[in-house]
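Colleague: Residue strings, one per chain:
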Amino acid sequence: MDYDFDVVVVGAGVAGALAACTVKTAKPGARIRILDAGDNGLDAAQRAAFVEAYQLSPTKAVPTPYAFLRNNEDGFAPSQDGTVNPVTMNLYYDQSGTTDLFKSGFQRMTGGSTWAWRGNCPRWLANDFRLNAVYGRGVDWPFDYDELEPSYVRAERELGISGNDAEWASLTRRSADFPMPGIAPSYGDLVVRSALAGMPPIDNVAVVPVTTPQARNSREYQGRSSCQGNSSCLPICPSGAKYDAGYHVGRAVELGVDLKPACVVTKVVHQQDGSCTVVFKDWTTADLAEQRVTARHVVLALNAVEIPKLWLISGLRNTSDQVGRNLMDHLTDEVVGLLDEPVFPFRGPQSTLGIENFRDGPFRRDTGGFRMTVGNDGWGRTQSPEAALDALMWDKTARRILLTGAKLQEAVNHRVTRMLRFSYSTEQLPDPGNRVTLSDKVDVLGLPRPRISYRIDAYSKAALAYGHSVAHRIWQYLESTVGAEEIAPAAPAGTYKGSGHLMGTMRMGTAPADSVVDPAGQSHDHPGIWVVGSAVFPTGGTSNPTLHLAALTLRTADALAAAL
Amino acid sequence: MPPTADFRGLSEHLTGTAPLDAQLSDAFQQRVLAAYPADLPRLLAAWTTATGAPDPGAALQDALDADAALALTARAVITVWYTGQFARPDETTDPPGTSAQWRSGLIWSVIEAHPGSAAPRPPQPSGYGYWTQHP
Chain A
26 MDYDFDVVVV GAGVAGALAA CTVKTAKPGA RIRILDAGDN GLDAAQRAAF VEAYQLSPTK
86 AVPTPYAFLR NNEDGFAPSQ DGTVNPVTMN LYYDQSGTTD LFKSGFQRMT GGSTWAWRGN
146 CPRWLANDFR LNAVYGRGVD WPFDYDELEP SYVRAERELG ISGNDAEWAS LTRRSADFPM
206 PGIAPSYGDL VVRSALAGMP PIDNVAVVPV TTPQARNSRE YQGRSSCQGN SSCLPICPSG
266 AKYDAGYHVG RAVELGVDLK PACVVTKVVH QQDGSCTVVF KDWTTADLAE QRVTARHVVL
326 ALNAVEIPKL WLISGLRNTS DQVGRNLMDH LTDEVVGLLD EPVFPFRGPQ STLGIENFRD
386 GPFRRDTGGF RMTVGNDGWG RTQSPEAALD ALMWDKTARR ILLTGAKLQE AVNHRVTRML
446 RFSYSTEQLP DPGNRVTLSD KVDVLGLPRP RISYRIDAYS KAALAYGHSV AHRIWQYLES
506 TVGAEEIAPA APAGTYKGSG HLMGTMRMGT APADSVVDPA GQSHDHPGIW VVGSAVFPTG
566 GTSNPTLHLA ALTLRTADAL AAAL
Chain B
183 MPPTADFRGL SEHLTGTAPL DAQLSDAFQQ RVLAAYPADL PRLLAAWTTA TGAPDPGAAL
243 QDALDADAAL ALTARAVITV WYTGQFARPD ETTDPPGTSA QWRSGLIWSV IEAHPGSAAP
303 RPPQPSGYGY WTQHP
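Chains A and B, in that order, give the protein sequences.
Using our numbering, you'd call the opening residue of the first sequence number 26 and step up by one each time.
Using our numbering, you'd call the opening residue of the second sequence number 183 and step up by one each time.
Same shape as in the complex, but just chain A (with noise of 0.2 Å):
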């Protein structure tokens, strides 16, 4: 039978444009499709115009620049809006009845939620694809990290990660150097390194800040410049020197294959033969109507709310019935203080520095493991220095003016340039009741939202309390030494933000009964439907999840590939 396609791929996110990518550099005679619900531009111009929409934002929240694009505006292919506050929440997600809410959003675009992120690239740990093995928590992944290890390798030269094989060798394994030297520190940088250089350890852990292995280029990479420090990483990087999967969507084109944007798919129909039929619709014609393309293999790549939800949209089978199951995120809060002296935030990327002892442990049998950041944006999500300068201006409670002229110059210099914040984002597990099905509330094009229940399990409220502990004693630390006050909060506040890292409800595994796709990406009950992406996580692990879903991405790739 013909096909119009050999393989359609369903977003051009990351994982989609880099599995596009990898099988037609394989199989140049791949007639390959991507589908995108976007219909963004990848130049120059489209790029200024998101910064010119953050710049006019007065809120700068992580959507702003992408709000105006017409599937966001029109609601053709809407997310949730990533704002903390659940009230304003654009609620794209239905929550109704949740525990908890889960706080990530992501971004329906060409080029995906690569536009907004902060490029972080730690590797994982080798007991992060143990977890069970090791500490009898959540499931193992079918595969080690040294299985991995060549695939981290391919994946960081092509997402371009810069990072310093010295300070990482002891770390994890690699093959390989970074394509990159690291990032230059900031400034603040130096002075938290110097001043943590005598630090004892916290729990027999030593604390030992490091160079954050990033997908920014130190140098010209892939004919991107080299970093010029806008100091707005997430959500917009205006030199385009941070990897967005821009690049990769572009570089497909290039080989061949057909982008067609601005389709929204909403069925997935697989046929006996095993080839499957996507039906889309193109927000763009008048009538909406259904369009049909026919495919030897489908690769899904949206993200693990939108995957299982189109999953459960198709009636595919879910013989596992974990489709849509075991949804994480790394939950993270932050300890912020004043240092004695001053760290010149908002200079440079968000965050150049980490601090992984706390990734894992024998701790992890009870408490999540988690990453650290040491920012380089003040108070980070705690207090922009807007709030920061009305708080020392304006008396809210008396409504009187406090400080003018230079007198309130000198006052916001001096707390502002001291602003430094340690956060940690936590590990979760896996737990089968945090799900996602199908609400009975509708989008504009018809479809059904994604309703989400969730909620935080005592693995996880012990991995943030624990994150609170030891952020806490690094400040008392300093604050002993070097000098530092106005530390907080004191103890755990119970609340958590989102890292915006979607993860699981498509879990890989060996066995058909107990995860949704093989250890190479392809659907149990539906042999060529392959899913790419961090939904196929079946554990979260303790660091970002990009360049390891690109790592997958690339297995995957292969193996499809090979298939065809």
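Errors might be hidden in some of the hints.
[What the hints assert, rightly or not] With the C-beta cut set under 8 Å, the calculated list includes, among others, these residues of chain B facing chain A:
1. His195
2. Gly198
3. Gln205
4. Ser207
5. Ala256
6. Thr261
7. Pro271
8. Pro277
9. Val292
10. Gly311
11. Tyr312
12. His316
13. Pro317
[To be verified] In silico negatives: residues of chain A with every beta carbon more than 12 Å from chain B:
14. Gly66
15. Leu67
16. Asp165
17. Leu196
18. Gln253
19. Gly386
[Claimed, not checked] Computed cross-link-like contacts, SDA-like style, restricted to lysine to any residue with a CA-CA straight-line distance of at most 20 Å:
20. A/Lys85 to B/Ala300
21. A/Lys52 to A/Ala584
22. A/Lys421 to B/Asp247
23. A/Lys421 to B/Glu273
24. A/Lys85 to B/Arg270
25. A/Lys421 to B/Asp272
26. A/Lys466 to A/Ile338
These are computed hints drawn from the structure, not numbers from a lab.
Note that the structure is a prediction, hence the values are computed from the model and not measured.
A virtual CB, placed ideally from N, CA and C, is assigned to each residue, including glycine.
Chain A is fixed; fit chain B onto it per the hints.
Modeller: Leaving out everything else, chain B in the frame of chain A:
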């Protein structure tokens, strides 16, 4: 609209920065006036009165302390110069009129940084790695 020079003079006093850009001052005055149509003229009148006092700064502060509506308007004037936006009386935000207004915010130079998404350019220390150096 009240005399633009009065608004600029008041702004220079409240922000501690002079001279402030005249064109920007006109634009900010229009925006603040739209949000505070009664109180901005009263604030400017209070400033005019204060400039005749032996210590204009103290005189203005006394006027602000005696009138919460004037103080709220002064807060808007300070904030618009620092950030390109300000709080209206109902605490909603009056957003930047242009991206250039936002980039002009005094706060960035006060904290020895730059507006996010607008990296420094020569002759300022700029380009890859400028952020490692003391500003």
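Colleague: If a hint holds in the structure, say so; if it does not, say that too.
Modeller: Structure-based check of all given hints:
1. His195: Since the shortest Cβ distance to chain A is 6 Å, the answer is holds.
2. Gly198: Since chain A brings a Cβ to about 3 Å from glycine 198 of chain B, closer than 8 Å, the hint holds.
3. Gln205: violated, 18 Å
4. Ser207: violated, 17 Å
5. Ala256: holds, 5 Å
6. Thr261: It holds, given that the least Cβ distance between threonine 261 of chain B and chain A is near 7 Å, below 8 Å.
7. Pro271: violated, 11 Å
8. Pro277: holds, 4 Å
9. Val292: holds, 5 Å
10. Gly311: Cβ of glycine 311 of chain B sits 4 Å from chain A, so the hint holds.
11. Tyr312: Hint holds; tyrosine 312 of chain B Cβ to chain A Cβ min 6 Å, cut 8 Å.
12. His316: holds, 6 Å
13. Pro317: holds, 5 Å
14. Gly66: holds, 18 Å
15. Leu67: Check passes; 18 Å lies beyond 12 Å.
16. Asp165: Aspartate 165 of chain A is indeed farther than 12 Å from all Cβ atoms of chain B, at 41 Å.
17. Leu196: Consistent with the label, leucine 196 of chain A stays out of reach of chain B, its closest Cβ about 23 Å off (over 12 Å).
18. Gln253: violated, 5 Å
19. Gly386: holds, 32 Å
20. A/Lys85 to B/Ala300: holds, 14 Å
21. A/Lys52 to A/Ala584: holds, 12 Å
22. A/Lys421 to B/Asp247: It holds: about 13 Å lies between the C-alpha atoms, which stays within 20 Å.
23. A/Lys421 to B/Glu273: holds, 11 Å
24. A/Lys85 to B/Arg270: Given pair lysine 85 of chain A, arginine 270 of chain B holds - Cα atoms ~18 Å apart, limit 20 Å.
25. A/Lys421 to B/Asp272: holds, 13 Å
26. A/Lys466 to A/Ile338: Cα-Cα ~13 Å, so holds.
Comparing the model with each numbered hint stated earlier shows that hints 3, 4, 7 and 18 do not hold.
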